[in-house]
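Model the placement of chains B, C and D on the given structure of chain A, informed by the hints.
One-letter residues, chain by chain:
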Amino acid sequence: MTITIKYFGLLTEATQCHEESINFSGVLVSELLENLFSKYPALKHKNFQVAQNQVLVPVNTKLSGNEIALLPPYAGG
Amino acid sequence: MTITIKYFGLLTEATQCHEESINFSGVLVSELLENLFSKYPALKHKNFQVAQNQVLVPVNTKLSGNEIALLPPYAGG
Amino acid sequence: MTNKKPKNVFRQGAISSEFIGDSIAKHQTKTSIGAHNIFLGQVRADEIDGKTVSAIEYTAYEDMANAKFHEIREAAFAKFNLTCMHIYHSLGTVKAGEICLFVFVSSPRRKVVFEALEFIVEAIKSEVPVFGKEVFEDNTHQWKVNN
Amino acid sequence: MTNKKPKNVFRQGAISSEFIGDSIAKHQTKTSIGAHNIFLGQVRADEIDGKTVSAIEYTAYEDMANAKFHEIREAAFAKFNLTCMHIYHSLGTVKAGEICLFVFVSSPRRKVVFEALEFIVEAIKSEVPVFGKEVFEDNTHQWKVNN
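Residue numbers (my numbering), protein chains in the order written: chain A, 5 to 81; chain B, 5 to 81; chain C, 130 to 276; chain D, 130 to 276.
Bear in mind the hints are in silico, worked out from the structure with no lab data behind them. Owing to the predicted nature of the structure, the values given are computational and were not obtained by experimental measurement. Don't take each hint at face value.
[As the list claims (entries may be wrong)] Below, in silico cross-link-like pairs of lysine-lysine (DSS-like), each with a Cα-Cα straight-line distance of 27 Å or less: (1) A:LYS10 - D:LYS254; (2) C:LYS159 - D:LYS254; (3) C:LYS254 - D:LYS240; (4) A:LYS50 - D:LYS180; (5) C:LYS240 - D:LYS254; (6) B:LYS10 - C:LYS240; (7) C:LYS155 - D:LYS180.
[To be verified] Partial list, computed: chain C residues near chain B (C-beta under 10 Å): (8) GLY150; (9) LYS155; (10) ASN268.
[Claimed, not checked] Restraint-style ranges between C-beta atoms, simulated for each label pair: (11) B:TYR44 - C:GLU256: 18 to 28 Å; (12) A:VAL59 - D:PHE248: 51 to 61 Å; (13) C:SER255 - B:VAL63: 50 to 60 Å; (14) C:ASP267 - B:VAL61: 46 to 56 Å; (15) C:GLU203 - D:GLY221: 17 to 27 Å; (16) D:PRO237 - C:PHE248: 20 to 30 Å; (17) C:LYS180 - D:HIS215: 25 to 35 Å; (18) D:GLU147 - A:SER42: 48 to 58 Å; (19) A:SER25 - D:GLY221: 19 to 29 Å; (20) D:ASN137 - B:LEU60: 49 to 59 Å; (21) C:GLU266 - D:VAL274: 51 to 61 Å.
Just so it is clear, CB atoms sit at the ideal spot from N, CA and C, and this is done for glycine as well.
The following block holds chain A by itself, in its conformation from the complex (with noise of 0.2 Å):
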């Protein structure tokens, strides 16, 4: 399936990029961030948490094929 990722924050600093297409066969988010530190190694050691379809998930979640988000600490106000 096609999975929209967005990055935020100092993980684009790792990424260079705000938002990427790509095409994933795995069944959990855990698994695609694993693909995702496999191109981003300096992902790994980041601190972030993960939304899909902007809700909060755990990493063992199932995929929907829909929007993954990786957040890092939020800085608001």
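Chains B, C and D in isolation, oriented as in the chain A frame:
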């Protein structure tokens, strides 16, 4: 001694004045109040605190010969 | 900002939104501030026994009130790590919908301003000799009492 | 004021003192309000390892952030007797001394606004995906993290 007495808020409806100076020979605040209650019977039933020289005092305080203020409940803000 | 002599907190009439905006603008040179908290008291058009409050006429025992405002100010600076504090209260007529009290605190950190502002506003309500005559639309009145 | 669809809380650049003043003015027709409480977040010129923060560049996961702001708004209206609530947050560059967050709550009674404002500000800080790049005077940077 001569005492300046200030009235505020709803108390001025009982006294019909905001300030007056009276000669008074008593010793305690409570004696002064008895005197004022004779003069302004409506004052007796009002709820108020007494300040002497801008500090709240109990009615058994000695008169210092300076300013007395009768303060109804506060309504600031 | 501490240990000054009492200054006059009172303003004649309502406190305007422009005055509040200007006061905020003046703090933009103070770059150690991270959080401001502002309380505004606004006159309510309360309905009481079928009559509606159209304005409050404020009076005060001004010298004692300014001394009390000063005490509250000193106590707040002693208790909280504040960068700035400003208090303004109306005297005279303030119509329903207009602002009669403006309290403004600033600090490097947000937790401090929440605590400090509530402390100051509660102290003003309970300790400062200010009196309010609630005037109804038919020109009758009653005297306001803080709870 | 509840059950609306999420609206856009974000404003490009700093929030001006005039905007805040105008927002206050707009509430003077709402004569059931007795108390307003306003929180303003201001960018601090923090000194870190000898370098001074000159600005914060804000970015956000905008759709999720607006949905979260909406959730916070609905929760606050459910929890507190509020007449009005407004939230504005900056995106893009906000210089030291400028305002990046404006939260405005109003209620008939003061106790409510103190509780509600702190609830809303703490929720914004911890739940809304907004990111801040602290830019130093020499154009190096670090990433801000809320505590």
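To see whether the hints hold, each was checked on the structure:
no.	hint	verdict
1	A:LYS10 - D:LYS254	21 Å, holds
2	C:LYS159 - D:LYS254	22 Å, holds
3	C:LYS254 - D:LYS240	12 Å, holds
4	A:LYS50 - D:LYS180	24 Å, holds
5	C:LYS240 - D:LYS254	12 Å, holds
6	B:LYS10 - C:LYS240	41 Å, violated
7	C:LYS155 - D:LYS180	25 Å, holds
8	GLY150	21 Å, violated
9	LYS155	23 Å, violated
10	ASN268	15 Å, violated
11	B:TYR44 - C:GLU256: 18 to 28 Å	27 Å, holds
12	A:VAL59 - D:PHE248: 51 to 61 Å	22 Å, violated
13	C:SER255 - B:VAL63: 50 to 60 Å	20 Å, violated
14	C:ASP267 - B:VAL61: 46 to 56 Å	39 Å, violated
15	C:GLU203 - D:GLY221: 17 to 27 Å	41 Å, violated
16	D:PRO237 - C:PHE248: 20 to 30 Å	22 Å, holds
17	C:LYS180 - D:HIS215: 25 to 35 Å	32 Å, holds
18	D:GLU147 - A:SER42: 48 to 58 Å	51 Å, holds
19	A:SER25 - D:GLY221: 19 to 29 Å	26 Å, holds
20	D:ASN137 - B:LEU60: 49 to 59 Å	52 Å, holds
21	C:GLU266 - D:VAL274: 51 to 61 Å	54 Å, holds
Against the hints set out earlier in the document, violations occur for numbers 6, 8, 9, 10, 12, 13, 14, 15.
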